[in-house]
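Enquirer: As they're listed, the protein sequences go chains A and B. First residue of the first sequence? That's -18 in my numbering, and the numbers climb one at a time after it. First residue of the second sequence? That's 828 in my numbering, and the numbers climb one at a time after it.
There's no promise every hint is true.
[Claimed, not checked] Calculated pairs, EDC-like style, for lysine to aspartate or glutamate (alpha carbon to alpha carbon, straight line, at most 16 Å):
hint, chain 1, residue 1, chain 2, residue 2
1, A, Lys(-8), A, Glu53
2, B, Lys832, A, Glu25
3, B, Lys898, B, Glu883
4, B, Lys869, A, Asp89
5, B, Lys832, B, Glu853
6, A, Lys(-2), A, Glu53
No lab work stands behind these hints, which were simulated from the structure alone.
Residues per chain are reported as follows:
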Amino acid sequence: GAGVSQSPSNKVTEKGKDVELRCDPISGHTALYWYRQRLGQGLEFLIYFQGNSAPDKSGLPSDRFSAERTGESVSTLTIQRTQQEDSAVYLCASSQRTFSNQPQHFGDGTRLSIL
Amino acid sequence: QQQVKQSPQSLIVQKGGISIINCAYENTAFDYFPWYQQFPGKGPALLIAIRPDVSEKKEGRFTISFNKSAKQFSLHIMDSQPGDSATYFCAATGSARQLTFGSGTQLTVLP
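Just chain B, same shape as in the assembly (with noise of 0.2 Å):
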């Protein structure tokens, strides 16, 4: 009940392409989804966040697509550049407060 899962697990994407990270939840309680993003030996900072009663959400090159009644949503990462090479946490809160995280996916975009 309690689980957000993540897919892919890692991702290899052309500079320039559009790298997609897709999560689905089944706890229907969340109503924060936060997206962190986590370089090696660095703490995972936090890169967009959507409500449930948004369907999508853009801050620059970064969207998240929300489908509330498949319970799902996804990030998506337009014109990927090498330096959003890190691994990507999905996430997702309600009113137990503490946040429930995918598993990450590790994106590489090469040069």
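Excised from the complex, chain A in its bound form (with noise of 0.2 Å):
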């Protein structure tokens, strides 16, 4: 596509719920990445792809959070039991290689709240 793209733009759940974040990345972007963005603070790293591989998974804040990739396209990334300190606005960028001076797109985000 033409860019980024994200679903659901945005999702209210009850705490102690499961919720599903999807991203589509550029076409033919190897590398995808997920960032959360609490209100009004910059963007905090939490997993990256390289094709369906995740070499880094150090930003995931608990284990209650997980994120797949498939077919080197689609991810999804899922909060088990939900918590309020969950709400934010994850975003999804992609970039062609994960070399460090290639450029990440980035999606407009889901904005999870969490009641």
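Please assemble the complex out of the two chains, which come individually in their own frames, going by the hints.
Expert: Set out below in structure tokens:
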């Protein structure tokens, strides 16, 4: 597609429920990144994929968070047993490769609200 | 070691003025320094980026100045326009691949 697509754009759920967030990267981009942006703050890294592999999961805040990528394309970020502190905008980015100077292109994010 | 410190937190500039946002880093392994622009409800959009072997890069009204010895870099927006009103983030990356972001600067350009 023309850009990184994320769905849903907004998600409201009750505390304790599981949620799945989806990211469709730019076609042909082998690297995919997930970030979290809390209200009024900068972005914090969660996880990245090179192809379907996730070499660096260091940013995942707890074992309630997991992510997968299939077909070197779509990725899903799953949050189990959601907590109110999980409320944030979850942003996905993709780049052609994982070299440091490859620009990362962001989607518009999923705004997650935990009641 | 991984932090990128950004200032100011907010900035108000008159139309036609120069907006300057500063960032400092500690990790000397960083080798790519992009700036992103973010409008409300949108994802960050890459504005301009620089490598540490270059001291300045200019694209239109946007200029990055880079001081490797001081481990600082800054964004200058010349002839600032109301349409430039947005949140600006500096970032840095290296072998770890993921971007480390500053905390953001909310820029308001008054008409």
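Enquirer: Does each hint fit the structure? Answer for all of them.
Expert: Taking the hints in turn, this is what the structure says about them:
| no. | hint | result |
| --- | --- | --- |
| 1 | A:Lys(-8) with A:Glu53 | violated, 25 Å |
| 2 | B:Lys832 with A:Glu25 | holds, 14 Å |
| 3 | B:Lys898 with B:Glu883 | holds, 14 Å |
| 4 | B:Lys869 with A:Asp89 | holds, 5 Å |
| 5 | B:Lys832 with B:Glu853 | holds, 9 Å |
| 6 | A:Lys(-2) with A:Glu53 | violated, 28 Å |
Violation of the numbered hints given earlier is confined to hints 1 and 6; the remaining hints are satisfied by the structure.
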